Amino acid sequence: MQGDLRVDEALNFLLVGDLVGVAVFAASGASAAVAKRLDLFGVALVGFVAALGGGILRDLVIGAVPPLAFADWRYAVTAVLASIAVFWLHPQLNRLRRTVLLLDAAGLGLFTVTGTLKALDAGVPPVGACLIGMLTAIGGGLARDLLTGEIPVVLQRDIYAIVALGGAILVTIMREIGLSGPGPMALGAVLITGLRLLALYRRWSAPIAVP
Amino acid sequence: MQGDLRVDEALNFLLVGDLVGVAVFAASGASAAVAKRLDLFGVALVGFVAALGGGILRDLVIGAVPPLAFADWRYAVTAVLASIAVFWLHPQLNRLRRTVLLLDAAGLGLFTVTGTLKALDAGVPPVGACLIGMLTAIGGGLARDLLTGEIPVVLQRDIYAIVALGGAILVTIMREIGLSGPGPMALGAVLITGLRLLALYRRWSAPIAVP
Amino acid sequence: MQGDLRVDEALNFLLVGDLVGVAVFAASGASAAVAKRLDLFGVALVGFVAALGGGILRDLVIGAVPPLAFADWRYAVTAVLASIAVFWLHPQLNRLRRTVLLLDAAGLGLFTVTGTLKALDAGVPPVGACLIGMLTAIGGGLARDLLTGEIPVVLQRDIYAIVALGGAILVTIMREIGLSGPGPMALGAVLITGLRLLALYRRWSAPIAVP
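Chains as they are written, first to last, in my numbering: chain Y, 9 to 219; chain V, 9 to 219; chain Z, 9 to 219.
No lab work stands behind these hints, which were simulated from the structure alone. Keep in mind it's a predicted model, so treat the numbers as computed, not measured. We treat Cβ as the ideally placed atom computed from N, Cα and C, and that holds for glycine. One or more hints might be untrue.
[As the list claims (entries may be wrong)] In the DMTMM-like style, the derived pairs of lysine to aspartate or glutamate whose C-alpha atoms are separated by at most 20 Å in a straight line are:
hint, chain 1, residue 1, chain 2, residue 2
1, V, K44, V, E158
2, Z, K44, V, E158
3, V, K44, Y, E158
4, Y, K44, Z, D129
5, Y, K44, Y, D129
6, Z, K44, Z, E158
[Unchecked claim] Negatives, chain Z to chain Y, calculated, CB over 10 Å:
hint, residue
7, L22
8, V28
9, K44
10, L68
11, D80
12, V88
13, W96
14, R106
15, T107
16, L111
17, T180
18, S213
[Stated by the list, open to error] Computed beta-carbon distance windows for the label pairs:
hint, chain 1, residue 1, chain 2, residue 2, range
19, Y, Y209, Z, W96, 55 to 61 Å
20, V, R106, Z, V218, 43 to 49 Å
21, Y, Q100, Z, R211, 40 to 46 Å
22, V, I181, Z, I92, 20 to 26 Å
23, Y, R45, Z, W96, 35 to 41 Å
24, Z, G157, Y, P99, 42 to 48 Å
25, Y, I185, V, W96, 33 to 39 Å
The task is simple: from the sequences and hints, build the whole structure.
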């Protein structure tokens, strides 16, 4: 139906999707830092890394240097503002726990789509592009947990990484069959987000090795 | 005696050496993840990072983007299959502890050789190429330990990193004097592996600072 | 007054500044590793990462591969010699705690200046260059703390990262108005170092979020 890529629109979609994801993941990093009693600058730094770590890794492996996080000031400013907002507002955020989980799922969907598309556009083969899409989505959370001294939650709460990987495969197939316009891709992000929320709601979990 | 580099053979040697190393290190990462009670996907992810983290770092610093781990699907598939195998077979693996140590030593030898050669081929000067060869060999284990919340064992069980560094220096000298064919390099990998096993067997250790 | 850049002098300034910073940060990493009872090679490795991790990250994001740490043998040798010196001399170093803090502040000033200048020279826009300058200065310390199993001190002792960020902004402005010669830049490094020492002396600290 759609399929034809209007370049400006597509770029805008990537940018807006990215920035919303940045704000959401910065908020998740800042929340973790506040919980560890880090001060204002520690909170901003963990928020920055949680929001932009996945994208920096993505840009390094596809050879897009300097990474967007450094080339476009809007990324860093979005991450820092979202972190500072959490620093001041976090008591209210506790009451908004559901909202945070919803936003985190949205960030997962958005980063998976933009990460996979960027890797494919850079000429990475499909399997690699799917891995890069997944790492873009989970990389920031990994870095956040390492910085705050935790075993990464993504390694334990598995129906997170696997949703990102499944979403990256979906995006790759959609692009292969020509459905790479903003509309279909937005739909892909919504699907990934929905699957993550369903996994949360139904408490889906993966097997643990028998001892 | 040999010294003349038949390119196809050399490439095949690098590929097979790399993939065996990938499987072995994936198994070591997956074992650590199983021990931490991570679930199937966490085990696969730690296995992936342990197997491919060193090579990704190597490719980033020599400017080979996208890194092989993403450019060639056989790397990721090998790492994930080896991790899943450990997930299902790990009770048997406990009885195979000696085999695992042997395979880990083989991985150390193989990654040191391929990492150092790739760095030299990319035009990195000798000292840097030796460091890159060592980091290729120990990088995955470092990442594995960081992800599972441990102080990296390579920092404590020193006769590991230093064997890799010594091996990288040997490879650099061999290449300098023209012994860079598959045969001599396979011999180099065997020497490094043997030295590591000797260090294990003799319980060699390095000095700790006097308090 | 000055402003005209004599290239050789400037390069020498960058090199000497970098190497002094490398030695200082290697010493800080080695001290942390000695305190964790790591052995000689673990101490050398943590010293290497603490000294060169920030610069490797900087070179990767500005696309300067292989990073200086691998391209120029003087960097690695300086880091390893400084680490070994700490390994042997550390009981005396305890009495030199003030000296270590002074040197660490000097390293902060030097790395901020060289990191920011290199990013600007590579064509990174101002906001990104300031972030890269700051990350160059704090990246090694971050890696040191992750390797030794600590929550990074830079996230808690905030008047460290923010001094680097302020210094990077100062360097960017100075370069914009033509004050990019060795003299003004050395002055910038002294200012950043002085501010860090003042923050230590006055025990400045940043706010923590209200619970």
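Unsatisfied constraints (hint numbers, rising): 4, 5, 10, 18, 20, 21 and 24
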